[in-house]
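**Q** Construct the entire structure; sequences and hints are all you get.
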Amino acid sequence: MPFIPHNDADTRAMLDAIGADTIEDLFDEVPAELRADALQHVPAGRSEMAVTRLMHGRAAQDTQPLNFIGAGAYEHHIPAAVWELTTRGEFYTAYTPYQAEASQGTLQLLYEFQTMMAELTAMDVANASLYDGASALAEAVLMAVRANRKSKSKRFLMPANVHPVYRQVVETIVKHQGITLELLDYDARGGHLDPASLPGEPGDICALVIPQPNFFGVLEDVDALTDWAHGHGMLVIAVVNPTALALLTPPGEWGRDDKTRGADIVCGEGQPLGAPLSSGGPYFGFMCCKQKHVRQMPGRIIGATVDQDGKPGYVLTLQAREQHIRRSKATSNICTNQGLLTTAATLYMTLMGPDGLRQTAAHSHANTRQLCERLCAIDGVEKIFDRPGFHEAVLRLPRPAAEVLTALEDRGVLGGFDLSGHYPELGNAILVCATETKTAEDLDLFASALKDVLA
Amino acid sequence: MHEQSKANSHQLIFEHSRDGRVNGAHHLDGQADISAIPEALLRRTPPGLPQVSEMDGVRHYTRLSQKNFSIDTHFYPLGSCTMKHNPRACNTLSMLPNFLARHPLAPARFGQGFLGCMWELQEILKDVTGMQAVSLTPMAGAQGEFAGVAMIRAYHDARDDHERREILVPDAAHGTNPATATMCGYTVREIPTDANGDVDVDALKAAVGPHTAGIMLTNPSTLGVFDRRIKEIAEIVHQAGGLLYYDGANLNAILGKVKPGDMGFDVIHMNLHKTFSTPHGGGGPGAGPVGVSERLRPFMPIPVVGRDDNGAYRWLTEQDLPQSIGRLSAHMGNAGVLLRAYVYALLLGREGMERVADYATLNGNYLMARLAQAGFDMALPSRRATHEFILTLKRQAAEQGVTAMDFAKRLLDYGYHAPTTYFPLIVPECLLIEPTETESKESLDGFVEAMCAIQQEADDNIETLKGAPYTLPSRRLDDVKAARELDLKYQPPKDAAGQ
Chain W
20 MPFIPHNDAD
30 TRAMLDAIGA
40 DTIEDLFDEV
50 PAELRADALQ
60 HVPAGRSEMA
70 VTRLMHGRAA
80 QDTQPLNFIG
90 AGAYEHHIPA
100 AVWELTTRGE
110 FYTAYTPYQA
120 EASQGTLQLL
130 YEFQTMMAEL
140 TAMDVANASL
150 YDGASALAEA
160 VLMAVRANRK
170 SKSKRFLMPA
180 NVHPVYRQVV
190 ETIVKHQGIT
200 LELLDYDARG
210 GHLDPASLPG
220 EPGDICALVI
230 PQPNFFGVLE
240 DVDALTDWAH
250 GHGMLVIAVV
260 NPTALALLTP
270 PGEWGRDDKT
280 RGADIVCGEG
290 QPLGAPLSSG
300 GPYFGFMCCK
310 QKHVRQMPGR
320 IIGATVDQDG
330 KPGYVLTLQA
340 REQHIRRSKA
350 TSNICTNQGL
360 LTTAATLYMT
370 LMGPDGLRQT
380 AAHSHANTRQ
390 LCERLCAIDG
400 VEKIFDRPGF
410 HEAVLRLPRP
420 AAEVLTALED
430 RGVLGGFDLS
440 GHYPELGNAI
450 LVCATETKTA
460 EDLDLFASAL
470 KDVLA
Chain H
60 MHEQSKANSH
70 QLIFEHSRDG
80 RVNGAHHLDG
90 QADISAIPEA
100 LLRRTPPGLP
110 QVSEMDGVRH
120 YTRLSQKNFS
130 IDTHFYPLGS
140 CTMKHNPRAC
150 NTLSMLPNFL
160 ARHPLAPARF
170 GQGFLGCMWE
180 LQEILKDVTG
190 MQAVSLTPMA
200 GAQGEFAGVA
210 MIRAYHDARD
220 DHERREILVP
230 DAAHGTNPAT
240 ATMCGYTVRE
250 IPTDANGDVD
260 VDALKAAVGP
270 HTAGIMLTNP
280 STLGVFDRRI
290 KEIAEIVHQA
300 GGLLYYDGAN
310 LNAILGKVKP
320 GDMGFDVIHM
330 NLHKTFSTPH
340 GGGGPGAGPV
350 GVSERLRPFM
360 PIPVVGRDDN
370 GAYRWLTEQD
380 LPQSIGRLSA
390 HMGNAGVLLR
400 AYVYALLLGR
410 EGMERVADYA
420 TLNGNYLMAR
430 LAQAGFDMAL
440 PSRRATHEFI
450 LTLKRQAAEQ
460 GVTAMDFAKR
470 LLDYGYHAPT
480 TYFPLIVPEC
490 LLIEPTETES
500 KESLDGFVEA
510 MCAIQQEADD
520 NIETLKGAPY
530 TLPSRRLDDV
540 KAARELDLKY
550 QPPKDAAGQ
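Residue numbers (my numbering), protein chains in the order written: chain W, 20 to 474; chain H, 60 to 558.
None of these hints come from the bench; they were simulated from the model. Any given hint might turn out to be false.
[As the list claims (entries may be wrong)] Quick list of in silico lysine to aspartate or glutamate cross-link-like pairs, DMTMM-like style, CA-CA up to 20 Å: (1) 330/W <-> 546/H; (2) 309/W <-> 276/W; (3) 194/W <-> 220/H; (4) 290/H <-> 48/W; (5) 500/H <-> 27/W; (6) 330/W <-> 544/H; (7) 278/W <-> 242/W; (8) 453/H <-> 546/H; (9) 311/W <-> 546/H; (10) 540/H <-> 328/W.
**A** In structure tokens:
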């Protein structure tokens, strides 16, 4: 019996103590007509040895070509110690820290995590994570409605160069809350949100969403956009890549106006900080905000306190926001955070340090730049947007993206993400990404494969 | 312990940090050219992340881990959480390199192994729940609940049935239920639970009508008992035109024995981090797949795994399910968690699943019987326990002034993680106790002894309990101070000596 320790003597003794004859008797309150027939589609149990063999076989089918896809999930080197420590039983099999005295490991780690995310984003406070970047953006929108006391509309300005699937997820999650998401066009040459093209009289808008970098990898003029939004009574929701923040101005410092400086709510995808690509999950979403908005922030938050001997300790705090207390009036229905992933991220940030993170960001930027130079040297291939980017770029091909990508796959290269589905106006366009994991030989391989395909 | 070690044991990683300490193993060769990035967009000061050696980082977090209670180290009878053993094979086999390396946007032809596991998991979960289709995408129970209620809404909206504004929720329900209903634009009406722990059917009959969108139920309920009139309840709600949502938090009690689909539910969510033993990880990640009846199938969240006639797997998306409520995550949900659940399902197999309910229920009833025999009061003494039961300390609170919180804190000293306290809210001073099937008889006997010892301590001098815990890394912590004087991140001292 896998994982069930009882032998016959145990079972007998236990039934005797209960005063029942058989285990079946214990189900006598379940109406007979509800008892299910035997399971049909669940296979018979297998030994660990057999399952190991099966899973190795499945994994062996999934060898992946050299990866140049980003588009929201980034391949970075993860130090070996990260998952060694994260999968320690004391972290792996612990639960939500409801009994704080028995969970000081997890609680202190989360306090350190909150500190690191606040530092990275230069914001006042961070929560202990949400499910992923897309749902974090949805939560940020809901939060902005609660936080912007001056706005009476529930209108949001959403740039079209925010990750298209993030925008879909936001629509799904906020659907029944009377919220309108108004799409802002991006500049055709720069790929960015041109501050000069923003309306002079936008009316009553709750918040502007600003990505950095945006989905195309292009860098936005975040200061101008932030000042514009604040000047019109809007909150600013920043959607950022955490690796990029080791290099770029953090959202807490966006804007040139001293009085209103800084994004109000910051969110994004934490996967680049120590989570493997893993077919898309589990990842984690992060959220930070200005101090004045903290009571509107969803998710778990850890606070420092002292115990009855005056020694420092950590607890879940501001729990009155959460579902188990507020119920139908809660800030969100969210219950879990992404505990293991925040553990991994905390370890990653510790082991990499500010220098390691900066190098990862810089080398990813430089590799993508070099990749583009090699690829654009091929006839018919051109970079579409002329503004600088972080670590991704959009390239236009002389033939449909789908067929080129397939041909590249046959030559051992996953060439990028086909943009023609979400952005048909860009034509035969792909989004390419070369992180610090790629060597010069890797870039050469891609270039020669593409040259071959287009010849 | 030496004073310095004591101080160190509370230190934050930032306090170990020293300027210029770099983890050399991650140093990348060569200077990266970032001249293309405009000066104005560059960060002026580096972020205050720790600067420590790998040794110091590893030591710090290893020591931190040792301050935790965990299933691996302690009996953890948290009611409603199903803290069963996390088999290590599930972890190892989900983390095979090819599974970890797979980019979510890589074409399906490079992921047939992974997609095959997902397809089979869908089939297994359909069978276990008795539902017609399953979507694996919701990333946790709460997201599964959201998907479920959103599908109910989509169903009524598609039929132009816009008068249905109300969701019914038992007063004993988990807080996520009403929170979710509100997120979907509904108002919540609570239905009382009767003295036997079942939903009050007369109150339900009075509450349903053309304004009823649906009801959210758990069975066995949060009171740890099986609602015997479930078919009647389903009939009443369906007759009024509403749909039934099943909160699968307590699936462990009935796995393989009773199927929610057979009970009349239209949509269910499962908590794989409970029933299918995926790791709790200090609070996540979970996975909350939803199962649906035929009438809700068109509205399922995407993507869902499909299989072509020639046996190739692919993602079904907007084109395949045009009425879907949409996407809940950027990709397909918590893939790694789903793989762990799949491995677990393979290890158990059909016989193993049926045994889960048998032994979870045996352990629940045994623990309840022994504790009752030892003189403790149960909330529903005449009912069978399911996989969990409620013990109430109402009498001790009134007679001795000792609370469920006091018992919980003292249990920690005895080496047991406390059961769930103060949930469900309708039972005063309660402990919701769920042993799970993976605990041995001795483990349960030890818990009973500890409870008896603590009761004896309460009889002798309640201050012993009031001051607990004594032996843990910290004494009882001041929650009120934490909320009043918010300190949510470390800030280095102003003179920053040594930083």
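**Q** Which of the numbered hints are not met once you compare them with the structure shown?
**A** 8
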